[in-house]
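Visitor: This is what each chain is made of:
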Amino acid sequence: MKHVISLLVDNEPSVLSRVSGLFSGRGFNIESLNVAETLDPTVSRMTLVTFGNDQIIEQIIKQLNKLVNAIKVVDLTGSDYVDREMALIKVNAKAASRAEVLRIVDIFRGQVVDVSSTSYTLEITGNDRKIQAVIDLLSPIGIMEIVRTGKVAIARHKKTGAKTEKEQEENSE
Amino acid sequence: MKKSGAEILIESLRHEGVDTVFGYPGGAVLNIYDTLMNYSEELRHVLVRHEQGAVHMADGYARSSGKVGVCIVTSGPGATNTITGLATAYMDSTPLVVIAGQVPTLLIGNDAFQEADTVGITRPCTKHNFLVKDVETLASTIKQAFHIARTGRPGPVVVDLPKDIIAERAEFSYPSKIKLRGYNPTYQGHAGQIKKAFKLLAQAQKPMIYAGGGVILSNAHKELLALAQKMSIPVTNTLMGLGGFPGNHPLFLGMLGMHGTFKANMGITHCDVLLAVGARFDYRVTGKVESFSPHSRKIHIDIDPTSIAKSVPVDIPIVGDVKNVLKELLKNLEEEPPQDYGKSHASWLKQLGEWDQMSPLSYKATGQCLKPQFVIQKIQEVTDEVLDGDVIIATEVGQNQMWTAQFFTFKNPRTLLTSGGLGTMGFGLPAAIGAQVAFPDKTIFDIAGDGSIQMNIQEMATAMQYNLPVKVAILNNQCLGMVRQWQQLFCDHRYSQTLFEAGPDFVKLAEAYGAVGLRATKPDEVEPVIRQALSIRKPVIMDFWVDRNECVYPMVPAGAALTEMLLV
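Keeping their order, the protein sequence lines are chains Z and X.
Its first residue numbered 13, the first sequence is counted upward by one per residue in my numbering.
Its first residue numbered 5, the second sequence is counted upward by one per residue in my numbering.
Treat the hints with caution; some may be incorrect.
[Unchecked claim] Pairs of lysine-lysine residues, derived as DSS-like cross-links and limited to a Cα-Cα distance of at most 25 Å, are as follows: (1) X:Lys71 - X:Lys200; (2) Z:Lys84 - X:Lys183; (3) X:Lys200 - Z:Lys74; (4) Z:Lys78 - X:Lys147; (5) X:Lys181 - Z:Lys78; (6) X:Lys210 - X:Lys147; (7) X:Lys183 - Z:Lys74; (8) X:Lys375 - X:Lys526; (9) X:Lys234 - X:Lys331; (10) X:Lys314 - Z:Lys14; (11) Z:Lys84 - X:Lys354; (12) X:Lys335 - X:Lys199; (13) X:Lys382 - X:Lys526; (14) X:Lys375 - Z:Lys78; (15) X:Lys147 - Z:Lys84; (16) Z:Lys78 - X:Lys71; (17) X:Lys415 - Z:Lys84; (18) X:Lys183 - Z:Lys78; (19) X:Lys347 - X:Lys314; (20) X:Lys234 - X:Lys375; (21) X:Lys314 - Z:Lys74.
Keep in mind that the hints were calculated from the coordinates and are not lab data.
Note that this is a predicted model, so its numbers are computed, not measured.
Generate coordinates for the entire structure from the input sequences, incorporating the hints supplied.
Guide: What follows is the structure, encoded as structure tokens:
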């Protein structure tokens, strides 16, 4: 099963290699990995998508926690969170298809961020299903290049008075 | 007053209570070695003959004394030569701090002379590592290194120290405290889990304790003994755990696993509650995981959460320091109304006794042919008589190691120094030397094979230079015995590259180093040789010509269940 793991790490050189080395050295998989500084410049946030059975995921979480530079490790899977990915897609846009590409961008609330006489570069943000849908629709027209950020994710904040989806589920059980 | 990086380093080591370092000089650490001369009163430096030897010596020093072992090596090949030693220490959780020289900061990444990416190379075989980029952070980095090495599950830490940092000057004040926001080992076990564990243990009919090296690392042997005795629970040890429970105790079942005793392996397969203490369910212990202790409910105490449920699922995990958790279990026991555990476990203990009688540890003695197990038994007999058993035994890796584990009775913690996890040939001699440095007045043996001993034989010169009278007992079978055994059993007697057709005369080799060489080729020569070795205050090599065809039994073939033992 796919898991989204969010971790806070020291913002230092070699921390990324400690995390990625842990995965390669133990034969775990990384599907995507995203790192950037947080509001505290000494701390970075990593969002890591991985997959494995429960035992493997348990080991991954424990091993990540064991890293001296890992400050906090949270498996978001199974909790209430929002995730997004951005894709930059360079697509063929000759006269016959230019309008169609723009229509697709419009439907998915994307943006054109670069234009040439034969191509558009599009920015699409969303969950992976949305990005896959755009890719499926643009593929017949001709995708020249695609760059994806990998997933970033954040836990939903508890809303005042309102119950989270998870709590509603629990109550209904 | 400002101090140089080298002075800060050495002052910091002194603040950590270090009085001995093992090392080898070189260009990148020239300033450290120059400064060392000014501290020769406070800090003893042991000059080794190979950096691998330095790390194993620091390892043997640490395992035998419980202190942190410290090494200094130069950049590039100096650092890469430590890798096997670091990996050995990492697998067996030995606290080490290795200071590695590095090329000057400006040259890093330049493919400079004697440059290696030490932090990159050592990352997977250390608990943590550091590259010091500013002399101002040197003292706090050393503090962190020692803190990480000795706390939680101990392990080796590397500090990579560029040459310019060693030369630069800064104000020195050693931090009294440090805080690492991502590193907080759990020492206290969860009270609720401990209570549950106690209840499970208390109602068990066929309980068993499986104790590993964590008992020794946490100095919990007394608590383990108390718990086992008060609750009449039989105990088996892993290789790393030997000495953590008295080997001559009636509740002791011997080692378990691939070369474990019949009773230990049968016991663990049939017990109904298994208390794992500071052990990690290695596959050399479990055999086929699916068949490991199939009828038991399992309690697992370990300070390292990653060791729990890694290969074998457990019912009650307890993360915490073994000593603390065992103390809490004992407290639970005291609060309960007394129960006659001896009575309720009587039939279980009787069953274990029957298994022991069915197939005790043994070997076939044949006439004038010298058996390796006999040599080990004689070492035990003579040292028990002459030294009242006060002896530390290092081993190499292979048959010599397994026979020592089986036939030597370890009664006290920190008396067996062996590379359990990594299985590093060449570990024993330098480890024995390191232990001798820690305990100059004790007798230290290295039980070796003729293969392993040649992997770090150069350290005989170190033993000579510092007058460290280690006793090396070579079980010389002129082959790589354990691999030969596997080839005999699993490769249809096809001995591919395991038979030595040439080798040194170990008596002459000892003499070449200025040490003493002795030889025994027949059973009745063994005891006089051991007695003579003990009477000499010099390093001694004893060359025992043993039966080449002897195998280690019992043996569980790799991947088989523990009950599928090949017996003598």
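Visitor: Now tell me, hint by hint, if it's right for this structure.
Guide: Hint by hint, here is what the structure shows:
1. X:Lys71 - X:Lys200: violated (34 Å)
2. Z:Lys84 - X:Lys183: Cα-Cα ~15 Å, so holds.
3. X:Lys200 - Z:Lys74: The hint holds at about 23 Å.
4. Z:Lys78 - X:Lys147: Judged against 25 Å, a Cα distance of about 19 Å means the pair holds.
5. X:Lys181 - Z:Lys78: Cα-Cα ~21 Å, so holds.
6. X:Lys210 - X:Lys147: violated (47 Å)
7. X:Lys183 - Z:Lys74: holds (21 Å)
8. X:Lys375 - X:Lys526: Answer holds: Lys375 of chain X to Lys526 of chain X is near 9 Å, not above 25 Å.
9. X:Lys234 - X:Lys331: holds (13 Å)
10. X:Lys314 - Z:Lys14: holds (20 Å)
11. Z:Lys84 - X:Lys354: violated (50 Å)
12. X:Lys335 - X:Lys199: holds (10 Å)
13. X:Lys382 - X:Lys526: The given pair, whose Cα atoms are some 13 Å apart, holds under the 25 Å limit.
14. X:Lys375 - Z:Lys78: Cα-Cα ~46 Å, so violated.
15. X:Lys147 - Z:Lys84: With Cα atoms ~23 Å apart, Lys147 of chain X and Lys84 of chain Z stay inside 25 Å; holds.
16. Z:Lys78 - X:Lys71: holds (23 Å)
17. X:Lys415 - Z:Lys84: The hint is violated at about 42 Å.
18. X:Lys183 - Z:Lys78: With Cα atoms ~16 Å apart, Lys183 of chain X and Lys78 of chain Z stay inside 25 Å; holds.
19. X:Lys347 - X:Lys314: Measuring from Cα to Cα gives roughly 35 Å; hence the hint is violated.
20. X:Lys234 - X:Lys375: Outside the cut-off at roughly 39 Å; violated.
21. X:Lys314 - Z:Lys74: holds (10 Å)
In terms of the numbered hints stated before, the structure departs from hints 1, 6, 11, 14, 17, 19 and 20, listed from lowest to highest.
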